[in-house]
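Asks: Here's the letter readout for the chains.
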Amino acid sequence: MTAATAAAQAVANAAAAPADLVQTVDWTAVAPPVIAAAVALLVLVADLFVPPERRRLLGWAAIAGLAAAMLALLPLRAGDRSTFCLTTDPATCSYTADHFTLAVQFLVLGGALLTALLSLTETAPGRRGESGLPAGEYWFLLLSSTAGTALLPASRDLATLVVALEVASLPAFALVGLRRGDRLSGEAALKFFLSSVTATAVTLLGASFVYAVTGTLHLTGIAEALPDAPDQLATLATAGVALTLVGFAFKTAAVPFHFWVPDTYAGAPLPVAAYLSVVGKAVGFTGLVLVAVVAFPAYADVWGPALAVLAALTMTAGNLAALRQSATRALSAVRLLAWSSVGQAGYLLVPVAAAAYTGAAAIGSTIAYALMYAVVNLGAFTVVALVARTRPAKRIADFRGLYAARPGTALAMAFFLLCLAGLPPGIIGLFAKVTVFSAAVDAGLGWLAAIMAVNVVLGLYYYLRWTAVLFRAPAPAASPEPVLATPAGPGNGASATAAAPGNGALATAGNGTLATAPAPASTPPKDSAAPVPLPLAAALVLTTVAAVALSGYPQLILTFAARSLF
Amino acid sequence: MIDISPSVMQFLLAFVVVGPLLGAAAALLPAPPGLKGKSPDQAVRRHAVTVTGAVLAAAVVLALGFDHHQPSRMQATTDIPWIPALDVRIHLGIDGISLPLVVLTALLTFLCALHSYFSPPPGPSPKAFTALLLVLEAGTLASFAVLDLLLFFLAFEMVLIPMYFLIARWGGAGRRAAAWRFILYTLLGSVVMLLGLLLIGLRAGTFDMVALATDNGRSLTVSVQVIAVLAIGIGLAVKTPMWPLHSWLPDAHTAAPTVGSVLLAGVLLKMGTYGFVRIVLPIAPDGMRVFAPYLAALAVIGIVYGSLACLSLARTGAGGDLKRLIAYSSVGHMGFVLLGIATMTPTGVNGALFANIAHGLITGLLFFLVGAVKERYGSADLDTLAGAAGAALYGRAPRLGGLFAFAAVASLGLPGLAGFWGEMLALFGAFQPAEGLSRPAFLTFTAVGAFGTLLTAAYLLVVVRRLCMGGEPAALAQETYRETAGGPAPASDAAAGRDPAPRRAPVFAPLADIRPYEAAAWAPLAALTVLAGLWPAVLLGLTDPAVQQLLAGGNQ
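Heads up: the protein sequence lines correspond to chains A and B, in order. Under our numbering, the first sequence has 556 at position 556, and the numbering climbs by one with no breaks. Plus 566 on top of the position in the second sequence (first one is 1) and you've got our numbering.
Chain A extracted, bound-state conformation:
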């Protein structure tokens, strides 16, 4: 509410100026999020008229929309457009399509496109006698969330930022809880919703404090006004800065705001988990970058060390928890990816913290790392989705012998995991880590670099353990491995209590998909016989080709690390 009135005030201020009341809108500049939003509405309406057996078309329409939105980035590649500027001050704009915006929008739209490919089979009706996810709602929610996330990096005032944040988040809650009649899914959505709403409220409070101090909502205006804030408002300003940052730290799943991640990922439909791990993460770090680096450079001495500590805690907590995932537990593959995404979020934060010391140029390392992470993490989720078709328990142990059944898929998965670990042959993962390291070393954050070094080793342990499973001989069918569904199983910190009802739900779930979970080993491994659906194959090929191409020529994304994006 505060932001809404503030926004109204800002608009009123602008309108009061004796200038042209009608702004011209640069539609080309705003095309990417607008196309995504328009297609979202289109799909929602079309859902009413399309007969159920042709609902598949909706998915393809959504994919076409996302592809069109990505194409709309092409005319903007000079990175000099901006629109919704103040009539009094044409340099202050609410929407800017600079290189930072374009890179993040590319990441978001590309990530959403791959998610959509993964989702096509989930929304398909009739799989295993299950209705699948409701197509119209699903595509609408996915596209709306994408539109919000694509708007976020372009927004250059706090009101737009918060609106974009909400547009990105609200559909995500619904996406997580979309699987009807699944307790795990509902619980995950509620957990996600409650913690996210709290964070948004905190952000809003912080934004209102900042507005109260500076009298402007535009990020550049705040940056100019904050150092000159009156002394008696200093506490208010500091509180406002801190609270705003906390909200975005939550979205990035930084420690101590990370506890929702594993349960949410495990409970959500798999493509949604993939979406959250990549696009959801982009929401957090772009917001953080915009607020910290663009709006609050005056407080760099406060948020710099704070973010550095946050980064260290986040990567350590994420990696330690990922390390403790038992391979034979149900959903352990998704949980491991969830925890590892917390760890990776820590790496993403390192250059942001470094930017406090060396300036905004360090942000490029975050973008480069995020692009690498998006490609390989979505690739890994694709393989998990592929394996889950024949072994729905989504355990790491289910990947045993994948090389024997599907050599290509197994090699791709090994490549993705080694990229995430940052070891050759995953060259792009290695060099993305090198840029992050060099940002830290350049900023004089030697201790953070050292902690990150230890974390890379921790990460290697669980990624390589998974990689090794891929190449082991297939488990003999005669010895079914028991699924650890005991409530007192090897839990991991915060998620231990939540995991117990989760597993209970698995065992008692009425729907057909999960009923096979307790005894997956008893079903004969017929992986090689099952055909791979076209969309999954396309997603796998896309991510593999991208990851291999990037490894051969890392300059493609590292170019972001070498120049200023703003």
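If you are wondering where the hints come from, they were derived from the structure by calculation, not from laboratory data. All values derive from a computational prediction rather than experimental measurement. All C-beta atoms, glycine included, are put in the ideal place defined by N, C-alpha and C. Certain hints may be false.
With beta-carbon atoms standing in for the labels, derived distance ranges [unchecked claim]: (1) A:Ser564 <-> B:Arg784: 51 to 61 Å; (2) A:Ala450 <-> B:Ser813: 16 to 26 Å; (3) B:Leu594 <-> A:Gln23: 53 to 63 Å; (4) A:Val45 <-> B:Ala580: 51 to 61 Å; (5) B:Ala1007 <-> A:Ala549: 32 to 42 Å; (6) A:Gly552 <-> B:Pro606: 25 to 35 Å.
Go by the hints and put chain B onto chain A.
Replies: Frame of chain A, contents of chain B only:
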């Protein structure tokens, strides 16, 4: 020696680095018609021999075409930008320091491929084995050929995954834990090394080793150099390995398949010492000067520690595994290499580089031989093999026994064989260390290191006696062993066992002597050991000018 045009040399070096990678990719594909061989397994093992053979041939031609009058000049250089954003260039080149290591790597890998063609290690598919072996070769060769710090790091990391899988999939008992220990230790070391490399690169403004070496640390403050040397040194010291960071090595060697042990000892360890010579010495000399006494102290501790560990493993009843024993002896030998480097003198560094090559040849040979013994007896446990009376290899397989004795004697540094010169020069360098280093301290290190050579001789002679000598049929030897287990005087056991056994044929259980393919794989190593021992100038003539130049301010 022969005149080869620069562009051909350039191509050859690029082929040496990239060839194995292409070969690894090709190994995963089905064999083309006409090359199918007797079976897919045989075809892929032959593929390994072909590719490593081609790489060895290229390396030999490279050595022949190398301008031996200017070994300090970088030759066969390629320099193309790869990642402008990080200022990473594909900068390849060889000089007198790296050329011997490139040839050694190509040779050892080829011999390993040859060996595993005839005696494939037990384990899963040979296809994966071949691919991993070739990736390992590419990584090792690349780390000796690249002249860019980040590329060096990439090559350094490239060997980890193949070696992990070689140990974890084709190894012996306890292989999984050993493989984990190997990869976690070395990765932690190399990530710390990356921080040091980045510090140097960012502060000096370039990652190019040649430019940095020419600069000789002038653009880096002493404090930056100290931190960088500490970080890089830890990474390299884990790899070398330096006491007390060596504890991954014995397990890895014990568990690894023969081929893995040979490559691990023969070439992978050299990447650590090579890094010291190529990066630390010329690029951060001031930082190195601060740490040199500590490095030397740890090096001589490693010499003595490695020898004492070997002595205790060689005792009767200690249950010492031969592979573990040779692994510990590597700790000692690499101690000499580190001592030579720590002197920061041309003599010491030349000695270090010589000892590097000698250790690669001799320890490679020893691991081959121990692998052969293990294959024949089914165990590498010294007590099981020798009992109390000795395994009597001289009698049962005279050629194998003789070659083992030869390798052991070479390893202990007998003058006239390769092991001698490196250790002698390293000690000689430590006797008169570079200016600015404490001479009394280094004199102490020289004395301790010289004492270490005595200990080395002691354990190797004990091993030769227990493994090669003895005169009893196995059954009687077992009995004697049981009676005197833990007895203080193993020599009297052997004497006691000799009398009751009359010379009847067959006194010794029949044991296969050296097979032709084994002779083919081992002969080059033995021959080169003799050559390097009798004619050290072959190597020193290559390394000395390059070392002089590196220490004085980089290469051109």
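Asks: Now tell me, hint by hint, if it's right for this structure.
Replies: Against the structure, the hints:
1. Judged by the Cβ atoms, the range 51 to 61 Å given for Ser564 (chain A) and Arg784 (chain B) is violated: they are separated by roughly 30 Å.
2. Against the hinted window of 16 to 26 Å, the Cβ-Cβ separation of Ala450 (chain A) and Ser813 (chain B) comes to about 21 Å, which satisfies the hint.
3. Taken as a hint, the range 53 to 63 Å holds for the pair Leu594 (chain B) and Gln23 (chain A), whose Cβ atoms sit roughly 59 Å apart.
4. Distance hint for Val45 (chain A) and Ala580 (chain B): a CB-CB separation of about 59 Å, consistent with the stated range 51 to 61 Å.
5. Hint check: Ala1007 (chain B) to Ala549 (chain A), Cβ distance near 54 Å, so the stated range 32 to 42 Å is violated.
6. Checking the proposed 25 to 35 Å range against Gly552 (chain A) and Pro606 (chain B) shows it holds: the Cβ atoms sit about 29 Å from each other.
Of the numbered hints listed earlier, those contradicted by the structure are 1 and 5.
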